[in-house]
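S.K.: Letter by letter, the chains look like this.
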Amino acid sequence: MTRVVLYKRFERFWHWTQALLIIGLVITGLEVHGTFDLLGYATAVNLHDILALALIVLIVFAVFWHFTTGEWKQYVPTRKFLREMAGFYLTGIFRGAPHPVRKSRTAKLNPLQRLAYLGFKLLIIPVQVTSGLIYFFYPELTAHGWPAWTLKAAATTHVMGAFLLLAFLVSHVYLTTTGHTPLTNIKAMIFGWELMEEE
Amino acid sequence: MQQSKNKTQGSGSSKNRWRPGRPPRPDHGPALLKWMIMTGLGIAILASGAVSAKAADAPAEKADAHPYLQAHERASTMSTADHSTFAALKGPFPEGDGSAVTDACLTCHNKAADQVMTSKHWLWHPERKGYEDYGKGTWLINNFCISIRGGNYPACTKCHVGYGWKDSSFNFKDPHNVDCLVCHDTTGDYEKEAAGLPNPAVPLDEVAQHVGRPGLANCGTCHFFGGGGDATKHGDLDYTLLKCDKAEDVHMAKDGAGMDCVDCHTAEGHHIAGPDYPLPADMQEKPAYPGQKLDHIACTNCHGEAPHKSFVLNRHYRKVACQTCHIPAYARGSEASNVWWDWSTAGKLKGGRAYETRDKDGNITYATIHGSMVWKRNVKPSYMWFDGSMKFLLATDKLPQTRPVWINRPDGSYADPNAKIWPFKVHKGKQPYDTVLDKLVTPHLYGQKGSGAFWVDHSWPAAIKTGMEISGLPYSGHYGFIRTNMVWPITHMVAPAKDALQCADCHSPNGRLAALKGFYLPGRDREKHESDLGWVVVMLSCVAVVVHGGGRIFFHWTRREK
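In order, the protein sequences belong to chains A and B. Counted from 1, the first sequence has number 146 at position 146 by the numbering used here; the numbering is strictly sequential. The numbering used here runs 199 ahead of the 1-based position in the second sequence.
Keep in mind that the hints were calculated from the coordinates and are not lab data. Every residue gets a Cβ at the ideal spot worked out from N, C-alpha and C, and that includes glycine. One should not assume that every hint holds.
Claimed, not checked - Derived lysine-lysine pairs resembling DSSO-like cross-links, with alpha carbons at most 27 Å apart:
no.	chain 1	residue 1	chain 2	residue 2
1	B	697	B	445
2	B	335	B	627
3	A	152	B	697
4	A	152	B	335
5	A	152	B	716
6	B	716	B	727
7	B	664	B	365
Claimed, not checked - If the Cβ cut is set under 7 Å, some of the chain B residues that face chain A in the computed set are:
no.	residue
8	514
9	703
10	726
11	729
12	736
13	737
14	740
15	741
16	754
17	758
Stated by the list, open to error - So these bits of chain A aren't anywhere near chain B, every CB distance computed over 10 Å:
no.	residue
18	71
19	77
20	123
Generate the whole structure from the sequences, applying the supplied hints.
M.R.: Now the structure itself:
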C-alpha cells in the first residue's frame, strides 16, 4: 500500500471553504426567500452579501489555480469507463463488486464525477453568480435602462439554482460514502491522500 | 369641527406655548456686554437692557444643547432691531383692529404686504403651473368640511393671513387686509376669530411690540388644526408637537433637534417653501447657480443622499422616500386623528336639539352638525407611489366611474424614475353629491339661523341648495351621499432611527407593502410554486439517497449472512 496525494493543499482549502460558504449562502438565502426565520432578515441579507463576495473571490483564485496547475484537465469529460461507472452505482455496489475506476494523481475523478463537477462549475455556479449579481445590482442596472422583469427573472433563477445546489449537496455528501470504506473519500478530501495498492 | 376639538385657541393653553430653550453661555456674558455698552456706547443702553433681560430669565442649559438650539439663540441675539422701542408700534391700537397694526408694520416694511399678497398663504391657491384650480380658495373640495365656496368663508378664513375674508368680495389687493401678527407674534397671546379678525381681547400693543421670527406655535395655530380641530386632518401635525418628546418627532422635540417649522420651510420674500397642493418628493435640490439659496424641505438637503452606513439601505432612496421607513406611524402623540367622517348621518336631533357623543378619550363619535366619526392614534400609514404631484377631483368635475371616489390621488408608479413609495394618511368618509349631475356639492355649513347653514338649521336640502347658490354652481336639487377617500402625505413626526421600520416590515409576504402591486419585491414576491418545485428536486435527491443507501446496507447485510 502506498500513499497517493490526490488533493493538494490549496485544493482542499478551496473545497472546504467553498462548502462552508455555499452552506452559509443556502441558509441565509432561504431565510431571505422566506423559508424560515433564523437570523433576522437584515442579518441574513447582509451575511448573504458578504458570503457571496467571499465566494466570488475564492472562485477567482480557484480558476487561477486550475489553469496554472493544469488541474482543469481533470474535469474534461470522457466516455471511458462511463458505462462501467453507471453500472457500478446501479448494481455492482450492491453486490460488493470492486470499483471499476482506479484513481491516480492525474486522474482522480471517475467519469461520472467529471460530468457532475463540470456541470457544477460551468452551469450551477455561473448561473448563481450571474443571477446573484443581477439581483444585487438591479437598482443600478434599472437606472441604466434594464427592464423591470430582470429582477424577477434573476430572483427566480437564483432561487431555482439554490434548490439545485441543495439537491447537489445532498447527493454529493451521500456519494462520498461510496469509496473503499464509507469514510475513505472524506478522509482523502480532509488529509489529501488515499492508501492505494501499488501497481 | 369648529369648537369640538379646539383646545388651543383659548388663551389659557396658548399661554403654555413652548419656547425653544437657549444654549449655554458664560454667566458673565450679559454683564460684560452691559459693561462695554455703559462705558463706550451709551446710546444703545436700551437695546442692551433688552438683551440682558432676555438672558436673565433663560433657564439653566444643558452643555450639550443641540446645535439648532444654539443657532436659534445666536439668531435671536443678532437682530438689528428691537420692536418694543419703535414709535410706530407704541399704540395704543384700537381693540380688535389688526389692520391698524399692519399699517404700522408697513411704515417700515413697506414692501412686505406686496410680498405676502402674492404668496399662497394669502391667495390660497398654488403657484405651480397646471394646478391653478387646486387651491382651497378655488374649486378644491375635501371630505372634511368640504368647501369654502358654499358660503363658509368666515369659518374657513379664520386661518387666512388676512382680515375680513367673509365672502367672495374680499379685496386681495388691499395691503390693509394683510395679517402680520398671526405669523410674527412671539407672545402667544394673538388669536384669530371668524373671517380672520383678531379676538378683541388680544393685547395688540403688547403683541405688536414683540414680533419676531415665526415659531412652531405660529405655524401650528393653523396647520395643527386643519380640518377644523386639533390633529383632525393631517395626522402628522397636531398640537402635541409643541411639547413633544424625541420619540414623537426628532426634529421638533426640545430634547431632540429643537427645530422650528421655518428651519426647513425657509422663506424668501414671504414665500414659504413647502408643498403647494401638489407636493414635492424628497428629491435633493441642486443650486441652479453658485450661491443660490435653497430651502430645506427635502430631507437630503440636510442629511445628504447617503445618510446610512449601509450601502443597501442608502440605495433604497431610489424608490423609497425617507418618510416611508422613518415615520412608522402617524398621530403618535396623545391626539387621535380623524380617519372616518360620515356626513350622511348628520342632522339627527335629540329632544329637538343638536347633540354629540364622545368616546372615552374625548373624541367625537357622533355630532348632529358633523355626522359619525372615527379617530385613531398611532396609525400605520398607507403606501403609494408618488412623484410629487397629485390629481384632484374638483367641485366642477364629474365623478369618476370607480367607487369609492378618490378625491385626490398621488401620481407616480414603479416605472416612473421620479416616483417613490410614500406614506399617506387615507381619510375616508361619506359626503353629499348631486345624484343627477354626478358631482360633489358645496353645502352651506356656517351661517346665521334661518340662512340654510347646516350647522344651525340641520337640513341637508336647504344647506346644499344654499351652498350651491352661493358658490354659483349648477344643482339639480337631488342629492345623495357617496363614499370618498382622500390622501394626505405623511412627512412630519419623524421617529428616532431606532424606531424606523425594519427590513421585514416590507420584505415579507404580509408586510406593509402587501397591497402595493406591480413590481417584484424581494421577500414578498415569488414565482408561484417555485419553492414547491425546488423542494421536489431536493426531496427526489433525498429519496434517491435513502433508496440507494438502504439498498447498499441491505445487500451488505445479506452478503454477510451468507
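S.K.: A separate judgement is required for each hint: does it hold in the structure or not?
M.R.: Results of checking the hints against the structure:
no.: 1; hint: B:697 <-> B:445; verdict: 11 Å, holds
no.: 2; hint: B:335 <-> B:627; verdict: 19 Å, holds
no.: 3; hint: A:152 <-> B:697; verdict: 31 Å, violated
no.: 4; hint: A:152 <-> B:335; verdict: 43 Å, violated
no.: 5; hint: A:152 <-> B:716; verdict: 13 Å, holds
no.: 6; hint: B:716 <-> B:727; verdict: 15 Å, holds
no.: 7; hint: B:664 <-> B:365; verdict: 20 Å, holds
no.: 8; hint: 514; verdict: 5 Å, holds
no.: 9; hint: 703; verdict: 4 Å, holds
no.: 10; hint: 726; verdict: 5 Å, holds
no.: 11; hint: 729; verdict: 6 Å, holds
no.: 12; hint: 736; verdict: 5 Å, holds
no.: 13; hint: 737; verdict: 5 Å, holds
no.: 14; hint: 740; verdict: 4 Å, holds
no.: 15; hint: 741; verdict: 6 Å, holds
no.: 16; hint: 754; verdict: 4 Å, holds
no.: 17; hint: 758; verdict: 6 Å, holds
no.: 18; hint: 71; verdict: 27 Å, holds
no.: 19; hint: 77; verdict: 22 Å, holds
no.: 20; hint: 123; verdict: 14 Å, holds
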